[in-house]
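Now for the letters of each chain:
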Amino acid sequence: MIAIALLLLAPALAALVAALIRDNARRPWVLPALGAVHLAATLVAIATRPIAAHLDDALVASLWLRMDALGAVVLLALSVLFLLVGCYAPGYLRARAERPNRVLVVCAAVFLGLATLATLSQHLGLMWAAIEGATLACAPMIYFNHNQRSLEATWKYLMVGGVGIALALLGTFFMAYAAIASGHPVELTYEALIAHGTLSEPWVRVGFVLLLVGYGTKMGLAPMHAWKPDAYGETPGIVGALLAGGMTSVAFLALARVVGLVDALGQGAFARQALTVMGLLSMAWAAVFMIRQNDIKRMLAYSSVEHMGILAVGLALGPAALPAVLLHLLGNAWAKSALFLAAGNIHRAYASKHIPAVSGAILRLPISGGIFLLGFLAATGTPPFALFLSELGMVQAAASAGAWWTASIFLTCLAVIFIGFSATVLAAVLGDSDAPEPEPHLGDSWRTTAVPVVGLALVLALGLWMPAPLRHLFDEAVAAWPSRTAAVSLSQETLP
Amino acid sequence: MTWLDPDILAPLVLRILAHLAVLLLLPPLLIGLIAKVKAFFAGRNGPPLLQPYYDIVKLLRKGTIISRTTTWVFRLGPVLGLVTAVLAGLLVPLGGISAPIAFAGDLLLVAYLLALGRFATILSALDTGSAFEGMGASREATYACLAEPALFFGFVALAMLLPQDAELRLGDLLGMAPVGWAAAAGGMALITAAWLVVLLVENCRIPFDDPNTHLELTMIHEVMVLDHSGPLLGIILYGAAVKFTVIGMLLLGLLLPRTGHLALDLAWGVGSLLGLAVLVGVIESSMARLRLLRVPTLLVSAALLAGFGVILLAVR
Amino acid sequence: MDAATCIAIAIACAALSSVPGGLRRGAGAVGSAIGLGVAGGAAVVAGCWGLWAPATLGAPSAALLDGWHGSLAVDGVSAVFLVACGIVAAAAGLFGAGYWRDTDQPAAPWTRLFLGLLVAGMLAVFSAGDVLTFLIAWEVMALAGFALVATQHRRSEARAAAWLYLICTRVATLALIPAAVLFVHLTGSLAWSSLSGVSIGNPAAMAMLILFLIGFGIKAGIVPGHIWLPPAHAAAPSHVSALMSGVLIKTGIYGICRVSAGLDAPPVWWGGTLLTLGAVSSVLGVTWALGSHDLKRLLAYHSIENIGIILLGLGLALVGRSIGNEAMVILGCAGGLLHVLNHALFKSLLFLGAGAVDHACGTRQLDRLGGLARRMPVTAACFLVGAAAICALPPFNGFVSEFLVYQGLFAAVRGGWGWALGGLIALVLTGGLALACFAKAAGVVFLGEPRSPAAAGAHEAGLPERSAMILLAGCCLAIGLGLPLLQPMLTQAAAACAPGAAVALAPLPAAWWVSLAAAAIIAGGWALWRWQARRLVGSGSAGTWDCGYAAPTPRMQYTASSFAAPLTDQLHAVLLPERHHPDLRQYDGNADAVRLFPSQAAFANHPRDPMLERILHPIAQAGAWLCVLLRIAHPGQLHVYLLYLALALIALLLWSLA
Amino acid sequence: MVDLILALVMLLNFALLGSGRIRVLIRTAAMQGMVIAALPLALGHEHGTRGVVLALIALVIKGFVIPAILLRAFDRLNIRREVEPFIGYSASLMLVALGTAGGVLVGRHLPLAPEHAGNLAVAAALATVFAGFLLLITRRKAITQATGYLILENGISIFGLTLVGGVPFLVETTLLLDLVAGVFVMVIVMNHIHRAFTTLDTRHLASLKE
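Residue numbers (this note's numbering), protein chains in the order written: chain V, 1 to 496; chain X, 1 to 316; chain A, 1 to 658; chain G, 1 to 210.
Treat the hints as calculated values from the structure; they're not laboratory data. One should not assume that every hint holds.
[Unchecked claim] With the C-beta cut set under 8 angstroms, the calculated list includes, among others, these residues of chain A facing chain G: (1) V574; (2) L576; (3) H580; (4) H581; (5) P635; (6) L638; (7) H639; (8) L642.
[Said to hold, decoys possible] Label-pair restraints from in silico Cβ distances: (9) A:L616 - V:L13: 34 to 40 angstroms; (10) V:G183 - G:A97: 32 to 38 angstroms; (11) G:A206 - A:L626: 57 to 63 angstroms; (12) X:A185 - A:Q487: 39 to 45 angstroms; (13) A:N202 - V:D475: 30 to 36 angstroms; (14) X:G275 - A:A573: 16 to 22 angstroms.
Keep in mind the model is a prediction, meaning the values are calculated, not measured. Built from N, CA and C at the ideal position, the CB exists for glycine as well.
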């Protein structure tokens with residue numbers, strides 16, 4: 001209870017403090033402090049969850065807040081990611097002393113608070129509001145560099161994201177009306193909606209479509225992903241990491257809750273088909289754009305699109321694949337942090353993020369280059385990194401569901417993506433560079449490399465060893481999946 | 001210990017001695033006979049029949065000059081050439097006279113012993129660093145590659161005739177030849193023809209190579225040994241003669257009757273070997289050497305002929 | 001203590017060897033060599049031990065994310081591979097200790113670091129008790145291999161090779177993942193040993209076998225999955241190439257063996273497919289080798305050939321199991337497995353030799369070498385041993401295994417399975433072409449006169465390198481002489497690979513005779529050598545006979561290209577080399593164009609991998625072009641992106657209401 | 001009464017797509033916002049004081065605050081007054097007609113609760129959302145796109161206010177706050193765009209592409 005309060009209050013307080021601090025050099029230290037407090041609160045909240053169960057009902061009734069297993073996993077991903085990014089931020093912002101960072105730091109804290117709220121909320125409307133707020137908080141962060149390109153990226157992010165999130169609101173209304181149309185009182189908490197059992201079929205279906213498009217836009221599922229390469233490409237690595245690991249994870253959580261709801265309301269089959277199509281389309285789209293992609297940050301953006309597609313496909317495979325999906329979410333969030341931060345280091349040292357200019361990073365920046373290479377391997381699901389286990393788990397779930405076509409397209413896309421991704425990464429990391437040596441302060445130092453190393457180590461550790469509490473969370477998430485129709489319709493899966 | 005029984009041992013020892021005698025003593029005579037036949041066709045008197053023996057003995061006693069470029073590989077070629085030819089000969093029966101050594105799969109050892117000899121000779125030629133010898137080595141390697149399938153097609157054809165439980169021994173294999181002639185004479189004829197081609201190409205005879213010319217550009221075997229002299233050349237000449245005999249014995253294995261009498265078998269064997277030498281002499285006298293570019297075509301056709309032979313025997 | 005513990009120790013030693021190996025000190029080289037030596041020894045012991053006393057360590061369980069601990073298991077199937085890996089790893093470690101010194105090769109610690117991981121990964125692959133452990137070890141091995149291929153990444157061809165290797169190995173893994181998933185789906189267990197009892201008739205099982213074949217085939221370098229192999233082997237440091245060619249590609253063979261051994265009744269198409277692929281790979285591999293100008297690429301193509309020979313044997317054994325022909329099973333299995341070991345020995349020997357040459361001369365281009373036998377006598381002798389062995393010439397080990405495979409093929413033909421004739425002809429052709437190819441390679445590199453100043457200034461390899469090569473050459477000869485001693489091991493391993501067939505009892509035919517023949521060659525050769533040596537004492541020396549031309553130069557020697565030309569001309573259709581030659585029409589027809597002295601002309605012949613350059617590369621280019629064409633989907637206009645959003649919404653709405 | 005208002009909203013959609021001047025466009029959007037904000041009052045029942053207060057707040061925000069922000073930006077940035085569509089006005093109008101028809105059709109498929117039977121709300125909401133999309137997709141200037149976003153939100157409000165009467169107070173206020181904050185951020189970005197590019201034509205914002 002206290003931990004949950006702290007989870008929400010600490011970011012608000014941190015935002016306030018950051019807004020008040022005048023010293024541009026000292027302000028960023030708010031972020032690691034906030035990250036540490038937040039992670040501690042997260043861990044305590046997760047650990048005390050079973051004990052505090054009786055308090056939950058009160059929280060749900062009054063504030064629609066509760067930490068369920070699904071939300072806890074996403075919160076964990078977010079919190080660790082934020083701590084990593086937070087620890088990296090002071091060093092980075094010191095190197096970027098020419099830019100005032102008040103807006104960035106405040107927005108990052110606000111983003112964390114709203115994202116946390118989204119993971120805790122058990123109410124469709126509250127969740128929507130939190131995500132909308134988080135979306136808005138990200139816009140100034142994307143514009144951190146204050147140049148034309150980042151401005152363009154911000155505008156696109158804002159418009160596409162704004163329209164998407166507006167559609168999610170309409171979808172939320174549709175869900176609410178589905179209850180009304182079936183003669184129930186309006187109630188937007190998941191529990192209440194699920195308790196209705198069956199609701200008006202067309203409303204649920206259309207509502208799901210709107211929510212899928214809405215939260216899919218935030219996640220970055222193709223073809224609503226177009227803001228992603230622009231935003232990730234033009235923003236600092238820390239913001240890219242927060243967006244790719246945090247924003248998308250929270251949007252995924254929203255979608256997962258909606259899918260669980262729709263599943264419970266009897267429209268699971270349609271939801272899964274739609275998710276499968278969107279997921280595979282995302283993977284294929286990402287694959288196409290990763291071939292001969294010579295901008296390393298846009299490459300990471302398309303990789304993010306791919307991973308969101310994987311998550312969507314995994315979600316479509318039902319509760320059986322849920323542990324794999326959650327593991328993938330954790331691995332993706334942390335691997336992306338390492339990749340974005342390493343890409344940022346490379347970008348700074350070379351003053352470019354395009355391939356002919358960037359080459360031989362492993363000689364120039366041995367650690368950042370190595371992290372970039374290893375991060376690429378982690379992101380492409382190489383054993384023993386966690387994402388291998390999760391992708392394996394999804395293929396296994398697909399096999400046991402008899403979804404052969406899904407599995408085939410999934411694996412084909414992974415192969416093409418690997419080819420495209422590897423070409424760019426190897427070109428950047430290997431070889432010799434004729435660019436001049438970076439200035440000493442732009443080279444590798446522990447400040448710029450320790451954090452991505454830790455992020456990567458986490459992904460590796462998760463691939464080798466699954467902590468028991470985490471496994472319990474996964475199991476609980478599966479058990480709590482509000483599915484009525486888990487067994488139905490998977491074997492009838494067809495692709496249009 | 002039944003095999004110590006003199007009644008069994010004596011004929012065995014006699015057969016082995018006869019085989020060894022043919023293998024080790026006869027070869028230079030065959031070479032001499034070929035030369036004599038060619039001289040006859042050319043209307044010359046020609047060298048004496050025993051000339052190759054004289055040559056070899058003379059060479060073995062002479063001194064030698066060795067190229068400064070070379071290493072031990074240069075001298076290993078002749079040595080292995082002779083050793084492998086003799087060892088291969090020990091595995092090949094001469095018609096009814098069974099080989100001293102026979103075991104399952106010995107035919108493979110024969111093929112690979114000859115290959116070892118060839119490998120050593122080629123390396124020995126390359127060791128001199130001369131363009132001419134390299135040229136000969138290259139051709140030798142090429143033609144051997146193309147000749148090998150024909151030989152193995154023959155083996156396969158005969159192997160298909162063997163009873164299921166019999167071991168794959170060369171003696172038993174060639175012993176199936178009469179069965180083969182009875183079953184599908186056409187197929188056997190094709191294989192015999194192919195093996196004759198193998199004999200000619202493996203021993204570098206016309207129409208594949210002309211052992212008499214001294215135009216280096218047209219030669220194969222002779223040009224490979226340009227730099228060998230004295231005892232080394234003697235070993236080479238003797239080894240080449242043994243190799244000719246061994247492959248001849250293989251070829252004749254397809255044709256010779258098995259009488260069961262040692263003397264009769266020996267007479268048949270030696271007689272037909274001499275006949276083979278005459279045949280080679282006739283071929284060399286009546287044909288011109290092929291253009292080098294045409295040789296592979298002929299070799300491939302020989303292999304295809306043997307392949308057809310296999311098919312004919314398979315569908316008999 | 002049992003075989004599985006022993007192999008665990010070996011894996012640990014190999015992995016730990018990369019710790020000192022990664023150091024930039026003299027101790028790094030020694031530590032790495034000792035670690036690999038111990039690991040190799042332990043692996044050999046574990047392999048032999050596991051042959052008679054199969055052992056497992058750890059407990060595999062069914063659910064993927066639930067309670068998987070990893071497991072190791074050593075049995076007859078892994079034995080041969082472990083022995084091969086152990087010997088080659090020890091030799092490569094020894095060679096590596098002297099080959100690249102930290103002073104002249106800044107990448108030496110990098111190489112040692114990943115060499116240890118590579119060996120550990122390979123040992124773990126050979127001894128993984130369950131599918132998941134296998135996959136993880138597989139990828140660790142593959143990535144260590146990638147790091148090693150990329151060692152000299154400043155060179156663009158090394159980068160290209162590393163990339164090709166990486167994508168090929170990933171495609172293989174992406175085939176193995178669904179295969180493993182199907183495996184679990186079919187057997188309900190992760191353990192390799194659980195495959196027996198699964199019926200093979202259904203489509204899922206067929207798909208599993210095909211996916212396994214694709215994954216393992218790419219790794220093993222079976223045509224057409226071989227494309228990564230020549231560039232990667234050429235780019236890696238030579239002792240790494242030795243390990244890759246000797247052992248790494250065998251992991252694919254091991255996988256095929258492992259899966260096949262689990263099948264109760266392998267279908268005929270499975271063995272038949274393997275046999276066909278083996279025949280195709282062996283002939284094409286050796287043909288492409290013949291066209292190669294680069295010593296290490298040539299050796300790499302020969303690896304494809306030898307993988308083909310191994311597959312001939314294994315395919316034969318599987319067909320034998322399917323049609324119930326015991327002779328095929330024992331001969332094919334024993335021959336194939338022995339060839340695994342033999343190829344590991346002689347191919348790594350040859351790669352080490354090539355490495356010594358590369359190090360001494362700074363080039364691997366055949367036509368720039370020559371005359372090295374005088375300058376590097378030990379290397380030359382060892383290379384010649386390897387060359388004779390790979391050409392299957394007695395008295396070396398290559399002959400022994402091919403002898404068995406040949407007999408198996410004969411047994412198949414006699415047993416009425418006529419398809420074996422194709423395999424037999426392939427093997428015959430391969431034998432002849434390999435002999436030509438190695439006569440070319442050994443002759444051009446080591447014999448004659450040096451063709452470049454670099455070759456003229458070559459020096460003999462150091463003591464560690466020479467000892468590594470002598471060790472491997474000794475092994476080649478020992479197996480050539482000692483088939484009867486190996487026989488119990490071989491039959492035991494064959495029995496493990498072909499469960500159900502009574503092969504363990506049947507002796508290999510003529511094992512003693514083969515050894516006797518090998519001994520006879522050596523004895524006869526030695527006697528005659530002594531005789532001629534005595535006869536030739538005091539012989540004179542002169543220059544090579546130059547047919548009257550007064551000023552021959554080393555450049556006039558027959559080159560590798562010209563040596564192979566008669567054959568490559570015949571095989572033009574398979575080689576498809578890229579040729580640049582002058583337009584000869586200028587010399588005929590137009591009288592004005594004919595000059596007294598023809599102008600200077602140049603001819604260049606570039607062997608290309610036809611599968612890669614003529615087939616896959618254009619396809620990949622077209623695919624990439626298509627992808628670039630699709631870039632118009634991101635024009636940068638916000639309107640378009642919003643239109644996508646609207647269209648997605650409308651499409652989904654219509655679907656939801658349909 | 002409600003249907004009349006909704007019909008008016010749909011008519012305003014046509015006016016929005018047909019208007020060629022930005023000022024007119026913003027004014028029309030403001031009018032539509034006010035009409036929609038008034039909907040709860042027209043519905044009349046079961047709202048109480050809280051509902052009335054909320055409706056009034058919404059009316060002020062949509063009718064005055066947001067248009068004022070936009071118009072201020074428009075005046076300050078001194079941009080050309082024309083809307084500059086990608087497709088012609090008549091084509092736009094035809095598309096709106098199509099969208100309205102589509103909205104009606106989709107509405108037919110969605111069974112309404114008895115108390116809403118025959119209500120135009122679904123059709124009006126979808127048609128307005130579609131009109132918002134049209135403005136977003138077919139108009140060049142950033143400010144017209146922001147207006148399009150506003151219209152989109154209007155469409156959503158129609159649905160929320162008409163049909164989901166019982167949306168909790170907290171959520172409704174959050175919606176309004178979000179809308180204001182969203183438009184506010186957009187206007188800030190627009191200011192920056194104008195400063196950086198000296199135009200609001202979004203065709204110039206196309207340097208980030210593949």
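Going down the list of hints, with the structure as the test:
1. V574: violated, 40 angstroms
2. L576: Since chain G brings no Cβ nearer than about 35 angstroms to A:L576, farther than 8 angstroms, the hint is violated.
3. H580: violated, 37 angstroms
4. H581: violated, 42 angstroms
5. P635: Holds: closest Cβ of chain G sits about 6 angstroms from A:P635, inside 8 angstroms.
6. L638: holds, 5 angstroms
7. H639: This hint holds: A:H639 lies near chain G, its Cβ roughly 5 angstroms from the closest one there, short of 8 angstroms.
8. L642: holds, 5 angstroms
9. A:L616 - V:L13: 34 to 40 angstroms: Hint violated: Cβ distance 59 angstroms, outside 34 to 40 angstroms.
10. V:G183 - G:A97: 32 to 38 angstroms: holds, 35 angstroms
11. G:A206 - A:L626: 57 to 63 angstroms: With a Cβ separation near 23 angstroms, G:A206 and A:L626 fall outside 57 to 63 angstroms, so the hint is violated.
12. X:A185 - A:Q487: 39 to 45 angstroms: holds, 42 angstroms
13. A:N202 - V:D475: 30 to 36 angstroms: holds, 32 angstroms
14. X:G275 - A:A573: 16 to 22 angstroms: The hint (16 to 22 angstroms, Cβ to Cβ) is violated, given that X:G275 and A:A573 are roughly 41 angstroms apart.
Hint violations for this structure: numbers 1, 2, 3, 4, 9, 11 and 14, all remaining hints satisfied.
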